[in-house]
Amino acid sequence: MKKRIGFYPRVRTEGGGRGVVSQSGAVLLVETARKSGLDTAISQALAPWRKARAVHDPGKILLDVALAVALGGDCLADVGTLRAEPTVFGPVASDPTVSRLVDTLAAGGKRVLAALRTARAEVREHVWQLAGETAPDADGQVTVDIDGVLVLAHSEKQDAAATWKKTFGHHPLMGFVDHGRGGSGESVVGLLRPGNAGSNTASDHIEAARLALAQLPKRYRRGRQTLIRCDSGGGTHEFVAWLAQRGRWLSYSVGMTITDAIHQAVSKVPETAWTPATEPDGEIRDGAWVAEIDAGSNCLTGWPKGIRLIVRKERPHPGAQLRFTDADGMRLTCFATNTKNIPIAELELRHRQRARAEDRIRAARATGLRNLPLHDAAQNQIWLEIVQIALDLLAWMPMLALTGTARLWEPRCLRLRLFSAAAQLITTGRRRILRLSKHWPWTGVITDALGRLGALPNPG
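Mapped onto the numbering used here, the consecutive letters of the sequence shown carry residue numbers 1 to 460.
Any given hint could be a false lead.
Here are the simulated BS3-like pairs of lysine-lysine, each with C-alpha atoms no more than 27 Å apart in a straight line [as the list claims (entries may be wrong)]:
#, residue 1, residue 2
1, K268, K305
2, K110, K268
3, K218, K305
4, K268, K218
5, K110, K60
6, K305, K340
7, K51, K110
8, K218, K340
Restraint-style ranges between C-beta atoms, simulated for each label pair [claimed, not checked]:
#, residue 1, residue 2, range
9, I342, H237, 22 to 28 Å
10, H375, R407, 35 to 41 Å
11, E358, C75, 24 to 30 Å
12, R12, D103, 44 to 50 Å
13, N458, S155, 43 to 49 Å
14, V55, Q424, 36 to 42 Å
15, E283, G180, 49 to 55 Å
16, G454, G282, 54 to 60 Å
17, I342, R219, 20 to 26 Å
18, A47, G429, 33 to 39 Å
19, G429, G454, 18 to 24 Å
20, S155, D103, 14 to 20 Å
21, G329, S99, 35 to 41 Å
22, S99, R219, 28 to 34 Å
None of these hints come from the bench; they were simulated from the model. Beta carbons: idealized from backbone N, C-alpha and C, even for Gly.
Work out the full structure: start from the sequences and follow the hints.
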């Protein structure tokens, strides 16, 4: 009988290999940074904080950390993965240099944040122009989702506090541009807040919306072509009034808490006013209906002019527990909007698609937002800006270079299939070539994507 040695072949391992590059698929992110002009923009933004006779450019250091985070890192020291591959990432600063830069930028306060955000906004507009039909504004409209995220802390950190879920940490407010069903999304705001910050603090939602709008091309910062969408945390008089008062009204779709007044108004809606809810494919949703509350209802007193309150009722799925705000065995939810001339079933479906923000939050948690690794709040706000740069790269690269289902891959999938690919480094004359593994299933995806990036015009 043949002796069994296990399911997998036994392979001897030893160090000292040459000409092998790990994480070679990360050249996709490097090329995205180059073609988008992000490297130059960040460098120019941080030029005032470059010390005399400094060896490393502050913009390059910060972008290196963002690349490390995009590749799965969750602390400053993970930039060492880039330092190990100078042929792909160039000279990378030491860990102490990186830490000193973060301290310097944290001390710079609002000036640093404004410089970084302005640079990102300029690059974002350029990337959307490059993307053309795959850009999130290809149909002339942009949707921004705002939502809170709980980030746990396992040690004492500044502003870490007990959260509403009885955990301990921070409660940043995030904003994402929705790319729709054919793409992912990109981060446009990350507002760091203490763990005990409220879910419905109007001033925070106003600040987050202001920062998010500043990230959009100028033509989308005012007007009905921009939709601000959020859950019931944004359903406050102050926030909705701010949205309604901003220049030519922004479009909004804001979740609302079912109050006693709304509950009574729903009970007065005649059966003939209920319309079947629809699904993204146009099919009728069985067991779910939508209706609009009369504009003269008491529950709309004190709200801005033009507000519409749309209610959804549905049969709860088996085993679901009804809430006090539900009625007649039906689960009730509602939202407010100022959009007109669209059937209420379409408006309700549009609001329900806000759930894609949960996918963006999941991607952010997998890209540096699982924890805030630094102690001071100012340092962690810089970390949050780094995370957003990483998320930008992870959104822009598929938008510019990938096609088909690959456009929908989330960060974990991109790292497993594309970025982790190994390659052989070949030097011929003055050229360096990365020869990807022939048997890797996604080598063709990588080379095709690099070809599309290479065909884009250089910035400037």
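The hints, checked one at a time:
no.	hint	result
1	K268 to K305	holds (22 Å)
2	K110 to K268	violated (51 Å)
3	K218 to K305	holds (26 Å)
4	K268 to K218	violated (43 Å)
5	K110 to K60	holds (20 Å)
6	K305 to K340	holds (13 Å)
7	K51 to K110	holds (19 Å)
8	K218 to K340	holds (24 Å)
9	I342 to H237: 22 to 28 Å	holds (24 Å)
10	H375 to R407: 35 to 41 Å	holds (38 Å)
11	E358 to C75: 24 to 30 Å	holds (25 Å)
12	R12 to D103: 44 to 50 Å	holds (45 Å)
13	N458 to S155: 43 to 49 Å	holds (45 Å)
14	V55 to Q424: 36 to 42 Å	violated (30 Å)
15	E283 to G180: 49 to 55 Å	violated (19 Å)
16	G454 to G282: 54 to 60 Å	violated (39 Å)
17	I342 to R219: 20 to 26 Å	holds (22 Å)
18	A47 to G429: 33 to 39 Å	holds (35 Å)
19	G429 to G454: 18 to 24 Å	holds (19 Å)
20	S155 to D103: 14 to 20 Å	holds (19 Å)
21	G329 to S99: 35 to 41 Å	violated (58 Å)
22	S99 to R219: 28 to 34 Å	violated (40 Å)
Hint violations for this structure: numbers 2, 4, 14, 15, 16, 21, 22, all remaining hints satisfied.
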